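Make the complex out of the two chains shown on their own, each in a separate frame, by following the hints.
Keeping their order, the protein sequence lines are chains A and Z.
For what it's worth, my numbering labels the leading residue of the first sequence as 232, then goes sequentially.
For what it's worth, my numbering labels the leading residue of the second sequence as 2, then goes sequentially.
Accuracy of the hints is not assured; some may be wrong.
Unchecked claim - Here are the simulated distance ranges between beta carbons:
1) A:N310 x Z:T72: 38 to 44 Å
2) Z:T6 x A:Q326: 24 to 30 Å
3) A:D269 x Z:R68: 16 to 22 Å
As the list claims (entries may be wrong) - Each computed EDC-like pair below joins lysine to aspartate or glutamate, with the alpha-carbon atoms no more than 16 Å apart:
4) A:K253 x A:E337
5) A:K267 x Z:E43
6) A:K272 x Z:E70
7) A:K240 x Z:E43
8) A:K271 x Z:D100
9) A:K267 x A:E284
10) Z:K61 x Z:D100
11) A:K272 x Z:E43
12) A:K250 x A:D316
13) A:K302 x A:E337
14) A:K302 x A:D261
15) Z:K50 x A:E332
16) A:K275 x Z:D100
Everything labelled a hint here was simulated from the structure, so no lab data went into it.
Quantities reported herein were computed from a predicted structural model and do not represent experimental measurements.
We put the CB at the ideal spot given by N, CA and C, even for glycine.
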Amino acid sequence: DTAVSQTPKYLVTQMGNDKSIKCEQNLGHDTMYWYKQDSKKFLKIMFSYNNKELIINETVPNRFSPKSPDKAHLNLHINSLELGDSAVYFCASSQDTRTGELFFGEGSRLTVL
Amino acid sequence: GNSVTQMEGPVTLSEEAFLTINCTYTATGYPSLFWYVQYPGEGLQLLLKATKADDKGSNKGFEATYRKETTSFHLEKGSVQVSDSAVYFCALRRNNNNDMRFGAGTRLTVKP
Numbered sequence: 232d233t234a235v236s237q238t239p240k241y242l243v244t245q246m247g248n249d250k251s252i253k254c255e256q257n258l259g260h261d262t263m264y265w266y267k268q269d270s271k272k273f274l275k276i277m278f279s280y281n282n283k284e285l286i287i288n289e290t291v292p293n294r295f296s297p298k299s300p301d302k303a304h305l306n307l308h309i310n311s312l313e314l315g316d317s318a319v320y321f322c323a324s325s326q327d328t329r330t331g332e333l334f335f336g337e338g339s340r341l342t343v344l
Numbered sequence: 002g003n004s005v006t007q008m009e010g011p012v013t014l015s016e017e018a019f020l021t022i023n024c025t026y027t028a029t030g031y032p033s034l035f036w037y038v039q040y041p042g043e044g045l046q047l048l049l050k051a052t053k054a055d056d057k058g059s060n061k062g063f064e065a066t067y068r069k070e071t072t073s074f075h076l077e078k079g080s081v082q083v084s085d086s087a088v089y090f091c092a093l094r095r096n097n098n099n100d101m102r103f104g105a106g107t108r109l110t111v112k113p
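If we strip away everything but chain Z, and leave its shape as in the complex, we get (with noise of 0.2 Å):
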């Protein structure tokens, strides 16, 4: 079936470190993948997205290619700030599907 896998967290940064959570999914055919952002009591925004092979989806500052050789997404930014820290999730949908698959969340903290 569809899935996806991220990394455990919580994960916790300095101001301006370099951030890389990790993604990679299972699904059959060629689905389109989705970073969304869930700030403290907040619902989830979408943050990117990318719906082929090799498509760059970048918002904020992130960025995540559709590396479909390694079915990873994984989600980077070269700078974080405070105001990133929140809950992010990587999630697919396949094309032609109804339900869009989440992960399960990483925490991100970034400290001053």
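Okay, chain A solo, but in the shape it has when bound (with noise of 0.2 Å):
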């Protein structure tokens, strides 16, 4: 059984479009990410959630939304497109906000054209 769960893997898409990417957690942790993973291999916390609110919002344009259904689930919708989004997403939880480690899914990396 994966942990962390993240669909789809690969999306490739044209700019200007809409796109989500679905995370869910099997491990009955109270709190979710997402990061979002640069060419060079940076990584940069987006969101956060815990227990379905959200804690974390790092500046990030407006077209990214995140919706949190339950405290398994983090889903992140991408508004209009640009080249500049082309990125691996990945989504995290961990038990808690406080300590601890993060476990993260195996990424959706997203291409825009």
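If you want it as structure tokens, here you go:
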């Protein structure tokens, strides 16, 4: 069983389109995250939710909208895709907001043409 | 603010060579420190961690010691293998603080 799973693994789309990436964790964790990894492998946190509540919202364009229907799921919707959105997006979870490691999904590679 | 600085790569070593990847941090309070590894095409996996000063994390032959006096958490392995080729990330998480901060990553290539 995959602990943190995200779909799709690959996304290729045109500029201006809207796309979503889904994430699910079966670890019973309270906290979930979205990170963006650029082509140089730099990891930047985008959002964090704890028990469906948004607790971190870094400086990210409004075109990115996270949604957490329950604490096991955190989806990322991106409107009006731009070339610069091309990256690998990682979902992660942790037991809570305070301590401990993050568990990562395998990533979703988004390519905007 | 909290931040992590790790040595720039890429690092290329021959099999069985000794590995050191330097990592230093800036943080208020007493953070937990982590090393993650990312194999090609995969997500990040926790390699080892340490939660307080002088703790040593170890896994798969890798070690790192939490040094408060030098604010460092250097990763070492005595004898690397081709299968260790990956990108390694140092990270910190302040206790009672939500987000985890990552270093820029160091790409390691081990040649046979």
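Hint-by-hint comparison with the structure:
{"no.": "1", "hint": "A:N310 x Z:T72: 38 to 44 Å", "result": "41 Å, holds"}
{"no.": "2", "hint": "Z:T6 x A:Q326: 24 to 30 Å", "result": "27 Å, holds"}
{"no.": "3", "hint": "A:D269 x Z:R68: 16 to 22 Å", "result": "30 Å, violated"}
{"no.": "4", "hint": "A:K253 x A:E337", "result": "12 Å, holds"}
{"no.": "5", "hint": "A:K267 x Z:E43", "result": "14 Å, holds"}
{"no.": "6", "hint": "A:K272 x Z:E70", "result": "29 Å, violated"}
{"no.": "7", "hint": "A:K240 x Z:E43", "result": "10 Å, holds"}
{"no.": "8", "hint": "A:K271 x Z:D100", "result": "21 Å, violated"}
{"no.": "9", "hint": "A:K267 x A:E284", "result": "20 Å, violated"}
{"no.": "10", "hint": "Z:K61 x Z:D100", "result": "26 Å, violated"}
{"no.": "11", "hint": "A:K272 x Z:E43", "result": "12 Å, holds"}
{"no.": "12", "hint": "A:K250 x A:D316", "result": "11 Å, holds"}
{"no.": "13", "hint": "A:K302 x A:E337", "result": "19 Å, violated"}
{"no.": "14", "hint": "A:K302 x A:D261", "result": "6 Å, holds"}
{"no.": "15", "hint": "Z:K50 x A:E332", "result": "8 Å, holds"}
{"no.": "16", "hint": "A:K275 x Z:D100", "result": "10 Å, holds"}
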